[in-house]
Amino acid sequence: MIKLKNINKVFTDSDRKVYAVQDVNLAINEKDIFGIIGFSGAGKSTLVRCINLLERPTSGTIEVEGSDLTKLSSRELRIARKKIGMIFQHFNLMPSRTIFNNVAYPLQGSGLTKQQIKDRVHELLELVGISEKENAYPSQLSGGQKQRVAIARALANNPNILLCDEATSALDPQTTKSILRLLQKLNDSIGITIVIITHEMSVIKEICNRVAVMDHGKVIEEGEVFSVFSAPEKELTRNFIKTTSNLQKIEELLETNSSMVTIRPGELIVRLSYVEKNASEPLISIITKKFDITLNIIFANIEIVQSAPVGGTVAIVSGERKQIDQALAYLREKM
Amino acid sequence: MDRFVSAFMPNMIDKFPKFFEALCDTLLMVAWAGIFSLAFGTLLGIVLVVCKKGGILESSAVFQIVDKAVNFFRSIPFIILLACLIDLTRFIMGTAIGVRDAIVPLIFGTTPFYAGQIESALSELDAGLVEAAQSMGDSPLRIIFRVYLREGASSIARVTTITLISLIGLTAMAGAVGSGGIGDFAIRYGYNRHQTDVAYFSVAAIVILVYFIQMLGSQVVKRTKH
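Just so you know, the protein sequences line up as chains P and W, in that order.
Per the working numbering: the first sequence ends with 359, consecutive numbering throughout.
Per the working numbering: the second sequence ends with 628, consecutive numbering throughout.
In short, the hints are calculated from the structure, not lab data.
These numbers come from a predicted model, not from an experiment.
Any given hint might turn out to be false.
Listed below are several chain P residues computed to face chain W (Cβ distance under 8 Å; list not exhaustive) [what the hints assert, rightly or not]:
id : residue
1  : Asn-76
2  : Pro-119
3  : Phe-323
Note that the Cβ used here is the ideal one computed from N, Cα and C, for glycine as well.
Start from the sequences, fold in the hints, and give me the full structure.
Structure follows, in structure tokens:
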């Protein structure tokens, strides 16, 4: 669907060169909800702008639905852009136009009659659940409502791809959830391919099926969200995952010598995490019975990512040392 | 009324016909010079915005030329510009004195000012709006009309008000080339003949005119802002 090949983007600022994107290769499949995560300045916004050529890459090719956008004339590019919707962190609605006219904006001058435009706008407003605000102005809407209008506008020309540039970063967590649910719904119902740029791992976890982690203009890790979450390869990825899970709190507790984690001689603190999608065995029960040890669960954090549990528990194991070792060996074997 | 006028403005009493003539001249100069300056200024202002670095039709060469020309004319004091443009005015209009002939230097004085004002008004516009329009496949021409001119309407109304008021100021100086107008009227009688009541009356007339334009401008700003 979208193939980025050897994308480089260099900004020349008087005599200084800034390498915003470096040799990025990505393939985004049809109906993917593809997340690109990174800290601000990692180049992710520049990268997503390359997909519809708002930012022309210094080198590399961008193939969207089989045609290389970098080779199109400006007229052809404008037609191609109508099939790539985009939403923004600050919504970018036209403040002097009503909600109706904002959504009608991309339809005007496309050969549709007034009545056809009217019907389409109503259909779109219905789809994003904001029909009653038709005659309001953007300044009268909340952030979440504005983003819904922006989504309706982006969908006006029936695009096959929706680019989301930090689309939820200006929203509170609850509104973020409702916008993500809407995107998920659109992905399910109209099968639109979605590319999401974010710095929040929770957004990736919530709706993406694939993720790329960016750092200093490079993609450092990429894959299925579940496998990246359960077995992150890079330190940065682990740091991002930490932000959405409290399993790492154990380290803080150990550092501060919390009474929760004081152990007696012979006891061990273990952290057990899911590594596979189809973990269904009651492992904790099994090892306590089989090896005659006790597990005192201090805390657990299990989340559902791509319909499979991710996370695990932190527990204090006590019992005979030999039995503990055997139990741990048994667990490792199960991996 | 006549008693009031003769008591406080003894010199005005026989000058009302002349005053109305001057008022008409001022309005005529503002109208004609205004129409041309606003049209040229808008055009140049848009050229500056779209051609500058990061603009939708980025072109360093065009930007440099227009920017330099605008700054050149903006830095010439109007009274000197009047003198410099006499030959050009004579070439365009046939003569170089009178109401009609003040219009040429007024256009040269106002257009660069307005171009600069338009440029800064349109630069204030959220760059995200232009980006959104581009992402929807709008052509540069459509972006100029549908985003810059439409979404920038209230800023444009604001700078237009400022420009028209400054244009009224310039018409007063145009009296120096025999253009007539309220400024000329005030200088001729109020200053040269020490008839200060005439000067005060002229000031009052100009203040009312400026106030009227200001009010009109504010109304437009209010109506275009949401």
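Hint check against the structure, violated hint numbers in rising order = As far as the earlier hints go, only 3 is violated by this structure.
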